[in-house]
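Visitor: Numbered according to our numbering, the sequence shown spans residues 3 to 289.
None of the hints are false.
Straight-line Cα separation of at most 20 angstroms, EDC-like style, residue types lysine to aspartate or glutamate; simulated pairs: (1) Lys77 <-> Glu193; (2) Lys27 <-> Asp284; (3) Lys167 <-> Glu185.
These aren't lab readings, by the way, just hints derived from the structure by calculation.
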Amino acid sequence: MARRIDVTGADGVRLAAWEFADPPKGRGETDRTQGVLLLHGLMGRASHWASTARWLAERHRAVALDQRGHGRSEKPADGSFTRGAYVSDAAAAVEHLGLAPVTLIGHSMGALTAWQLAAERPDLVQALVICDMRASALGAASQREWEDWFRSWPVPFATLADVRKWFGEDDPWVERPNPARGEFFAEVMAEGTDGWRPVFSRRQMLTSRETWVHDAHWDSLAQVQCPTLVVRGLDGELGRAEAQEMVRVLPRGRYAEVPDAGHLVHYDQPAAWRGAIESFLDGVLTP
3 MARRIDVTGA DGVRLAAWEF ADPPKGRGET DRTQGVLLLH GLMGRASHWA STARWLAERH
63 RAVALDQRGH GRSEKPADGS FTRGAYVSDA AAAVEHLGLA PVTLIGHSMG ALTAWQLAAE
123 RPDLVQALVI CDMRASALGA ASQREWEDWF RSWPVPFATL ADVRKWFGED DPWVERPNPA
183 RGEFFAEVMA EGTDGWRPVF SRRQMLTSRE TWVHDAHWDS LAQVQCPTLV VRGLDGELGR
243 AEAQEMVRVL PRGRYAEVPD AGHLVHYDQP AAWRGAIESF LDGVLTP
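Whole structure, please, built from the sequences with the hints as guidance.
Guide: Here it is as structure tokens:
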């Protein structure tokens with residue numbers, strides 16, 4: 003059963019952190035379970051990591067964070083959604099939960115938060131996993147595309163089945179049916195009196211995205227000193243050439259590619275995702 007831990011982030015924003023399994027028992031009084039913090043992407047939530055957190059908990063203390071504006075964390079109408087706010091929130095979670103030196107695992111926007119935290123606070127981070135996040139600028143056209151996409155959502159959805167079908171099949175951004183994508187979005191919907199709507203504000207998601215899509219992030223990537231794994235789905239948003247350049251720029255970068263996976267690598271191919279992460283962690287974390 004999931005256990006919620008309340009964390010205070012930057013500017014006093016209330017954040018919800020979650021453990022989806024008990025951490026392993028220590029083998030002696032001096033043993034210390036190594037900490038892992040999982041950071042979801044834009045529009046995501048901590049529960050997207052539930053499966054990953056459970057197998058990580060076999061050997062680590064794995065905690066997933068609902069980032070500000072997402073999941074059960076606070077969504078302040080006039081709050082800050084800057085890069086600095088997200089990074090400060092993650093640092094506060096690591097310190098409050100006693101996870102340092104932590105392994106950060108981030109997907110998409112959460113991966114950017116993770117590597118920016120690793121660059122700014124190397125004292126807190128011992129290893130890093132970047133999943134399908136680009137270091138190059140996406141540009142103004144990308145932001146306009148997202149605005150148009152949000153307007154196309156047929157909300158409210160009458161049922162969760164309608165959510166799964168639209169995001170898995172009918173969404174114009176879907177090239178071919180993808181049930182995993184439907185499940186991913188079903189997880190971020192809540193039922194109201196008129197049907198199912200997202201648990202986040204689409205306006206706040208655009209505001210969050212506005213703070214990073216126009217900029218490149220190569221400089222902060224180059225400042226990450228800990229061992230780092232760059233993971234991409236073969237059909238994801240991070241191209242092979244850019245991913246390999248990210249590995250080259252990283253002082254201690256490594257690369258993993260997951261076949262038959264798109265942007266949602268951990269949903270599309272959970273077994274291959276687990277294999278890539280466990281292999282990396284086995285090689286860089288001391289028992």
